[in-house]
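**Q** The primary structure of each chain is shown beneath.
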Amino acid sequence: MPKNVTFRLNGRERTVTVDDPSEPLLYVLRDRFELNGPKFGCGLAQCGACTVLFNQTAIRSCQYPIASVEGARITTVEGLGNEHTPHPLQTAFIEEQAAQCGYCTNGMIMSAAALLHKNPHPTEAQIKAALDGNLCRCATHLRIVRAVKRAAAAMVKQAQRKTA
Amino acid sequence: MSTTFDRATFLKQTGAMLVVGFSLNAPASAQPGPSPRATLNPQLLGAGSNEVDAWLAIDRNGLVTLYSGKVELGTGTETALIQLVADELGVPFHAVRMIAGITGVTPDQGVTSGSQTIMTGSIPMRRAAATARNRLLELAAQRFQVASADLVVRDGFVRPRNAAGSRAIAYGELLGGRKFNLTIDPQVALLTGNEFRIVGRPIKRVDLPEKAFGTFRYVQNVRLPEMWHARVIRPKPVGANFVSLDRNSIAGIPNVRIVQKGNFVAVAAPDEWDAIRAARALKVTWSGGGLPAQNDLYEIIRKTPSTVKVVQQGGDVESALSSATKKLSATYLWPFQTHGSIGPSCGVAQVHPDGTIEIWNGTQGVYPLRDAIAGLVGVPPDKIKLNYVEASGCYGHNGADDAGAEAALIAQAIGKPVRVQWSRADEHGWDPKGPAMVMDVEGAVGDDGRVTAWKLDTYTPTHSTRPSGQPGNLLCGQLLSAPPAKNPNIGGDRNAATIYTFANRRVQVHWQPTAVLRSSALRGLGAPQNCFANESFMDELAHAADADPVAFRLAHLSDPRAKDVINAVAKLADWKPGQTRVAAKGLARGRGVAFAQYETTDAYVAMIADVEVRPSSGAIRVRDVYVAHDCGLIVNPDGLRNQIEGAVIQGTSRALLEQVTFDRDGVTSIDWRTYPILRFSQIPNVHITLIDRPNERPLGAGEPATIIVAAAIGNAVFAATGARLREVPFTAARVKSALTQR
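Each protein sequence line maps, in turn, to chains A and B.
The first sequence lines up with residues 3 to 166 when you count with the numbering used here.
The second sequence lines up with residues 189 to 930 when you count with the numbering used here.
Hints may be right or wrong, so weigh each one.
[Unchecked claim] In the DSSO-like style, the derived pairs of lysine-lysine whose C-alpha atoms are separated by at most 27 Å in a straight line are:
| id | chain 1 | residue 1 | chain 2 | residue 2 |
| --- | --- | --- | --- | --- |
| 1 | B | 764 | B | 514 |
| 2 | B | 392 | A | 159 |
| 3 | B | 773 | A | 130 |
| 4 | A | 151 | B | 764 |
| 5 | B | 924 | B | 773 |
[As the list claims (entries may be wrong)] Not close to chain B: a few residues of chain A, all C-beta gaps over 12 Å, as computed:
| id | residue |
| --- | --- |
| 6 | 15 |
| 7 | 32 |
| 8 | 70 |
| 9 | 72 |
| 10 | 74 |
| 11 | 119 |
| 12 | 120 |
| 13 | 160 |
| 14 | 164 |
| 15 | 166 |
FYI, nobody ran anything at the bench for these hints, they're computed from the structure.
In this text the structure is predicted, and so the values were computed from the model without any measurement.
Idealized CB from N, CA, C, for every residue including glycine.
Okay, chain A solo, but in the shape it has when bound (with noise of 0.2 Å):
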């Protein structure tokens, strides 16, 4: 039985309809939107290459029923910010060249924006155990961390200047 999903995505409302309502949100993401952010990394929600943003929560989309985001915020790392208006965290992971292949990144950059959300000040153990979940292969922990930390620092300077 076809079911309409609406959802805010990246700020625009969006409708979808769909045959199964327990499709996961990636593959609509993906197939339907033609993001490429969001990546497929294991469909089990065990590595975090799929993170999008639920309204401020960092969900894996790889596992999350559309039907469920019926009414959400849904920003995927296109939303956050491109290279034009790049979030602070994107120019952060570029700056420390936080990256090497680079597939894991989308989900790095998502948990960690969750995390800057709730905590704008967080600490090196309080970043690792945000991203603890979200897995690396090529090993480029320590400069994500440093990312992190740069991207925190960025974006209390913003405020502060907002607010003077």
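Since chain A is already given, all that's left is putting chain B on it; use the hints.
**A** Coordinates of chain B only, in the frame set by chain A:
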């Protein structure tokens, strides 16, 4: 439509794309004009081309295209190759774009592997660039009516040495969009030492911005019009034969096509989720097949008849052993390990109306894979075009080649463009594994503290079953009963030999014709295994000789560069002889050292690991790893550090956690719970000292640092606890058992 796969067609099809998004501060003298790509007089390239045009093109605007047979695997070599070529050519970094891994377009440089891209792969590119630069100087000399020697090159401009900048002429103008029509001068002088301007700088990688913005074109993102999604159903048990399938089992899923040829079974559907559901639901009956029991693995390896090859011999090891008083022997074991690419393999293929096939995948070698697929699908190689598109990091021969071949097979069967996406279980279960190995070592030390005898026997299959033109090396080729592939013995002997100055030694490799699991190249090939044995046993001998393990190694080395990395790491870690064990409450802390020269001819690396062991549980935490690294000329110091950090952390993961498990049906470590890798909470700090040697040739850096990690950690655990770890991975249970046996 007729399709030819050569550079002419490629340039026609992609010329516009290449220029889009390419930002260069065009020199003032540059002539505006149409896309230069269409004006190039292209040529179909063969293997080992010695023509400048095979490697380089310079358009009227001075934009340089580097055609590389070595591909970017996510390690940063694209950026490094551009640095090298830009310097040799005398153009700014941003003036060079690299196109890599397209059959008929880029030169055939075999396989991108073995830390060879910078070390050997860059050489023809540098020679082509240096030859091109000399030709451009000649052209400028004619224009200026001066001798070439009186001209200087800077940022893509040539001007007389003693004239004002206004007379400078741009490369683009000199060449006028023409080809070079020039043979590469094999004797051309390459830059060295302080002649480099771009090489040696930590230039930021060209690919990382798109990777951070989510716009990078991975093979997983390739979409063709009317493309179908396919999934492959694997035999169970491994090696089983197809008996039947039940179409009714997927009757509820729309538009599914089933492809069954021999033992190869796949499903395809226009919608990806439908294809996934169909693959899960389709009932297939298999018969026969099966694997031996995992508990018998090392016994099987010992009993497999092998071909013995002596790889290093000197003196008389048998008589030295029989007359020795301080004699030791040990056996080291290393299990099957997997590549663990974060993105499972993917291949896309399309059969054009004239029967030619185009394939996109993340292969390490487009030409050898093309030739293997040609045999598989019965199409001549020149009617297949293979496009390398970067995938998730591979660290060797993972499922990329297989996914590309499967896509071609299914596309041919259903007459639609097809995308094959491997599942996590496909990648963990079916990619070729890094082989399990057994290493027996015997040795002796004399009263003077010198090693008097050293004997290594290493048992290994070949570490390379890459496509190499043989369908029998492809997973689907095996399922279609392609003739068994013939593969040379490669990689199991890597770093079996050492550069230590032992008077009496014999190093033998027992090459095995078969392996329990499908095996091929994993980062370092046999070097991590052999170095685990060699460097752990060096530690055992140092302990037997009551010697400091750093001093013990130094005493057995004559190569100054080898000594330099050991001294450098000792300094970096503040190594103090006799203080390798640190008192800690409830914990045992210690440090261990290891050293190797990769392949005994390439980069030098020395490492000190600081670990803590919780005796109650046996859990190891690697706190800090110190590395000194000498790979000759450093092309990009930040890229190099990134490689070393990755090699150390991935090596730590392999040492502590990783082991492929299997039962009679097949691999059972098919996800990240059953095959865990190191997480953020477990990573060590990595401290690095780089030794730059600008006057030496650059050596590879992707693998050297990973090959000694297990030994450094094992030696540290011994220092901390007195327990010797001789089997990877160092699981808590294994450590606890070693603690009770000390």
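**Q** So which of those numbered hints doesn't the model satisfy?
**A** Failing hints, ascending: 4 and 7.
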